[in-house]
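Asks: Take a look at the letters that make up each chain.
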Amino acid sequence: MVNPVLLIAVPLGLAFMVPLIDSASRKLTRFVPVAALLFNLILCIRLIPAVLENPIVINLGGFTPPFGINLFVGPLGLLFAGLISLAGLVVSIYSLSYIKNGPVVKYHMLYMLLLTGATGVVLTGDLFNLFVFFEILCISSYALVAYHGDRAGIESSIKYLIQGTVGSGLLLIGIGFIYGIFGTLNMADIAMKIATVEQSTLFVPMILMVAGLGVESAIFPLNAWLPDAHSSAPSSISAILSGIAIEVGLYAVARIVFTVFGISDIYLFFAFLGILTLLIGEMCAFAQSNIKRMLAYSSIGQIGLILFALALATNNTVTGGLFQLVNHTFSKGLLFLSAGYMIYRSGSMEISSLNGMGKRMPLTSLAFTVGAFSLVGLPPFAGFPGKFLIVSGALLKGEMVINILVGLVLLSTVIEGTYFFRVIQALYFKDGNGEQRKQAPATAVTAMIALMILIVALGVYPKFLADFLSSASSDLLDKMSYVGSVLK
Amino acid sequence: MTGMEILLLVAFGGVMLTYILGRISSSLRNTFAVVLSLVLVVIIALMYDKTGETIFYRGFFGIPMVLRINSLSWIFAMTISFIGCLSVIFSLDYMKVKERTSFFYAMLLLVNSSMMGIVLAGDLLTLFIFWEIMSWSTFLLISYNGGPAIAAGMKYIVMSFAGSMAMLAGIISIFTAFGTLQISEIAAGMSSASSGFKIFIVIVFGIAFGVKNAIWPFHAWLPQAHAEAPSPFSAVLSGVLIKMGVFGFILTMYVVVGLGTYMSLGGAIFSVRSILLVMGAITILVPTFVALLQDDAKKLLAWSTIAQAGYIMLGIAYGTSLSMAGGVLHFLSHVVFKSLLFMTVGAVEFRTGGIRDLNSLGGLIKKMPFAFTGTLIGVCGLIGVPLTNGFVSKWLIYKSLIFGSPLLTFVALFGTWGTVLYSYKLIHNIFLGQLPEKLKDVENTPLSMKLPMIILSFTVLLFGILPGLPLRVINKIVVSLGFDSLNISLWGIVSESGMLNMINLFAAILAGLIAVWLFLRIGARTIPVKQDDNYAAGAAVPRDRYNYTVKFYDPLLRMISPYLRDIFDTFYMKIADLTGYLSNGIRKIYTGYVGNYVMYIVLFISLMIFVQMKWSPW
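Chains as they are written, first to last, in numbering that gives the first Met the number 0: chain A, 0 to 487; chain B, 0 to 617.
Honestly, the hints are just simulated from the structure, not real lab data. Predicted model only: the values in this text are computed from it and were never measured. Do not take every clue at face value.
To be verified - With a straight-line Cα cutoff of 20 Å, these simulated PhoX-like cross-link-like pairs (lysine-lysine) come out:
| no. | chain 1 | residue 1 | chain 2 | residue 2 |
| --- | --- | --- | --- | --- |
| 1 | B | 95 | B | 365 |
| 2 | B | 365 | B | 475 |
| 3 | A | 429 | B | 97 |
| 4 | B | 439 | B | 529 |
| 5 | B | 529 | B | 437 |
| 6 | A | 99 | A | 192 |
| 7 | A | 26 | A | 99 |
| 8 | B | 97 | A | 358 |
| 9 | A | 358 | B | 365 |
Modelling step: build the complete structure from the supplied sequences, incorporating the hints.
Replies: Structural data, given as structure tokens:
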């Protein structure tokens with residue numbers, strides 16, 4: 000069997016090799032991330048059968064938990080790791096032509112560090128280790144947001160840095176509390192001992208950790224960094240930030256709330272928070288005239304929806320939430336990637352400057368349309384099965400409060416649809432200035448076509464992913480088996 | 000593979016192939032599109048009188064997705080493919096001068112294919128999926144022309160999307176309540192459900208189908224959308240697409256909820272049935288007179304479509320076998336004559352270079368005799384002149400209403416009076432009166448437009464003289480929905496509230512016409528005058544100075560227009576404005592000052608800890 004540690008080790012090692020490789024051959028640099036992520040993707044696929052049978056627990060340095068640091072490769076972790084490698088691969092193919100100017104070596108290095116951090120967060124079984132990987136993820140994204148080196152980029156990068164650091168500080172304080180109470184940092188060990196301590200004692204560390212992670216995962220009201228950062232980063236990085244970074248943050252929140260603490264009294268509160276995030280995100284997106292800010296706010300909305308689905312904590316809704324998460328990674332990635340070249344061509348991020356793009360860049364516009372339809376949840380694209388599962392799971396609970404929240408979800412979908420349809424009309428049916436037709440470069444087109452195929456395939460045959468997501472959701476919800484498989 | 004699977008495969012595969020062929024050669028694509036739509040007509044015709052259900056797909060989380068065929072879905076599928084085929088033929092010349100024709104054809108065929116999917120759906124999930132595909136492809140087609148079409152498309156998709164979200168809530172409620180989505184199984188579960196649940200289902204589905212069918216107060220999207228869409232698609236839109244709402248109503252009320260339950264659902268005064276009837280009546284009354292106000296030919300027809308949907312609604316909601324037959328037959332009649340009218344107006348628009356304004360047209364009768372004849376027959380059908388299909392269907396509706404509900408009958412008749420007025424306005428302002436100088440070089444209708452017009456005109460008369468043809472199929476539907484069978488012959492119908500025999504009427508009218516003709520033959524010879532030779536009390540009227548089509552019905556319009564403000568349109572626009580305003584307010588949460596943002600984080604934690612310490616809810 001292949002060792003899952005390679006999922007972290009290979010990109011980490013290659014990230015620091017990038018400057019060396021660059022000094023050897025300039026041309027090779029761009030291909031390093033592609034190779035590393037392709038390797039990770041293949042590894043993840045090969046791990047699927049073994050993980051579905053039994054979660055793999057790796058004890059680093061040979062110390063058995065609770066003493067050493069362990070990696071926990073369950074279906075959920077593998078889903079995220081696979082998603083990170085897949086989205087990372089597609090975006091790195093896109094970047095081959097998109098990233099041409101500026102500090103290219105640093106870009107590729109930071110890009111791989113970002114993904115290494117994300118992979119580490121989803122695979123680790125240790126709280127402090129989670130913090131470390133989280134910092135790797137955050138710090139590389141602070142730097143990448145400022146990649147262009149222009150005023151807006153640096154300003155939003157600094158804003159992001161300030162808020163992110165406050166969040167990390169809170170997370171660290173929370174972890175400190177936990178260590179003080181339990182004397183251990185192993186997640187499974189804490190989860191086992193959690194019942195021995197009174198619930199009210201745990202509240203402060205939990206809320207500190209949730210708020211700390213909540214900053215990265217863009218939960219309202221902790222998400223103010225996101226619109227600035229996502230809109231001023233290069234589009235390839237926006238796609239990763241929106242498709243991977245905030246979702247990894249959400250994973251960490253869910254892991255801590257469900258597995259480590261498992262206090263079910265607070266779930267309903269998270270459902271409300273999710274709906275609030277959803278409504279505010281969608282309404283802010285509705286008011287935007289800047290395409291990238293619109294997409295960024297829409298990410299906030301989607302995170303709210305996924306949080307709502309996870310917080311309902313039934314197998315159906317969590318499966319639906321994860322499905323929506325996968326869809327969001329693909330569709331939002333596709334939207335940012337296609338918007339990236341349209342912005343490049345028109346020279347402006349205003350939606351009105353994209354008028355008539357359907358004629359100038361037909362394929363890129365088609366990609367945007369597919370992404371938008373999928374995100375809104377129209378069949379036959381990947382957004383519909385996710386929405387169907389979430390709504391049916393929520394209604395199955397049969398509680399009046401939740402039924403009303405579902406109504407709000409559907410309402411916000413209408414708002415979401417409205418602003419996306421507006422952009423699609425601008426792309427196809429408004430007359431732009433009659434520039435010539437010129438497609439995006441081949442690598443970018445390849446990346447977009449790959450995502451389009453994934454979206455349509457998932458929309459037409461959702462069962463393909465359903466079984467895997469279902470075991471991922473029980474991985475998240477079934478605390479006992481998590482503890483059992485780590486502390487044998 | 001059953002016929003239905005083959006049908007959908009051909010339909011959807013054809014959409015893709017049409018687009019691909021369009022990249023190679025436009026004439027190849029046109030030929031293929033015509034052949035494809037003819038093949039679909041043939042396949043559906045072969046499925047006549049078949050019933051059956053088949054599971055065609057389990058890939059959606061293992062939920063069985065079912066196709067089924069029965070007389071109800073057959074008649075709808077037949078109509079869809081028939082009008083779809085004619086509109087493709089009509090497009091051949093109409094679209095020649097436009098851009099992105101491959102996109103247009105592919106979308107037109109996609110709309111048709113998804114509508115076939117809707118009517119053949121045997122479970123609500125399949126129905127919903129095809130419903131959404133139909134909605135977004137329609138949106139793309141409505142917006143196709145750009146300019147004012149952008150706003151029209153937006154209004155359509157937002158209302159339609161709100162409707163489908165309501166439908167989704169209903170479908171998933173059914174799924175969680177009964178664990179199945181198959182229509183044949185739901186009916187059994189529904190009979191034991193609480194009446195509150197049933198009313199909820201009727202409301203959410205009512206919103207979804209009401210929006211599509213443009214029943215008052217959900218009609219606001221329709222006039223602009225119909226007017227701004229490309230004319231061949233307006234014919235489909237007005238003819239069949241909004242009738243998906245009718246299909247949905249029949250499905251919800253008589254199949255899902257069930258006839259017996261539907262008739263008694265709700266309270267004594269505010270029963271579901273009476274509310275639907277009142278909505279139907281208002282849908283006839285107001286839009287008919289709004290149609291009178293219109294100066295845009297396609298807008299006039301659009302408002303008329305809403306009004307006619309009211310008649311169909313009355314027939315279906317009334318719930319006797321006669322009214323049901325009337326409602327379904329009127330749907331069929333309306334499809335035929337309204338598509339015909341949109342095509343003739345489209346032909347005029349095509350030949351005059353895009354003029355739809357009724358004030359600047361006139362006198363085209365000699366230039367476009369085919370279009371005139373088509374319009375005349377269509378308008379006769381719309382009014383319900385004997386020997387046209389509209390007469391039979393309206394007769395059935397009046398007859399079933401007249402004893403049970405005189406008020407509704409009066410509303411329906413009153414609406415017909417308005418219909419006469421606006422129909423005359425339409426035909427007069429386009430074809431009669433003087434020919435404006437700028438239109439003197441207008442050419443005759445091209446062949447590809449004549450052909451669908453001839454076929455549709457012929458159908459109007461055929462179904463008017465031999466109503467037994469469609470009624471025989473409709474009777475099967477009526478029986479399958481749980482009503483009594485009707486006594487139908489090829490020439491007409493016998494019922495307890497009266498009998499109709501079209502062959503007698505036909506003979507009488509024929510005799511009358513011969514008498515008039517003979518009289519004119521024998522009498523004094525007529526003197527032909529020029530088209531612009533007007534009677535002006537002996538004074539010479541300069542050409543093009545007076546246009547008798549301007550300000551038609553002006554005194555009447557001035558009288559009624561204050562009562563016809565579209566409250567609901569204003570209301571929806573207010574909601575849209577309010578959402579924009581609110582969003583702009585909420586956006587200000589993100590002030591741009593990082594200090595505020597950090598404060599949010601700290602406040603969030605403080606608030607949480609405060610709440611926990613004060614009330615300790617967790």
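Asks: Would you mind marking each hint as holding or not holding in the structure?
Replies: Results of checking the hints against the structure:
no.	hint	in the structure
1	B:95 x B:365	violated (25 Å)
2	B:365 x B:475	violated (45 Å)
3	A:429 x B:97	holds (15 Å)
4	B:439 x B:529	holds (13 Å)
5	B:529 x B:437	holds (17 Å)
6	A:99 x A:192	violated (52 Å)
7	A:26 x A:99	holds (12 Å)
8	B:97 x A:358	holds (14 Å)
9	A:358 x B:365	violated (41 Å)
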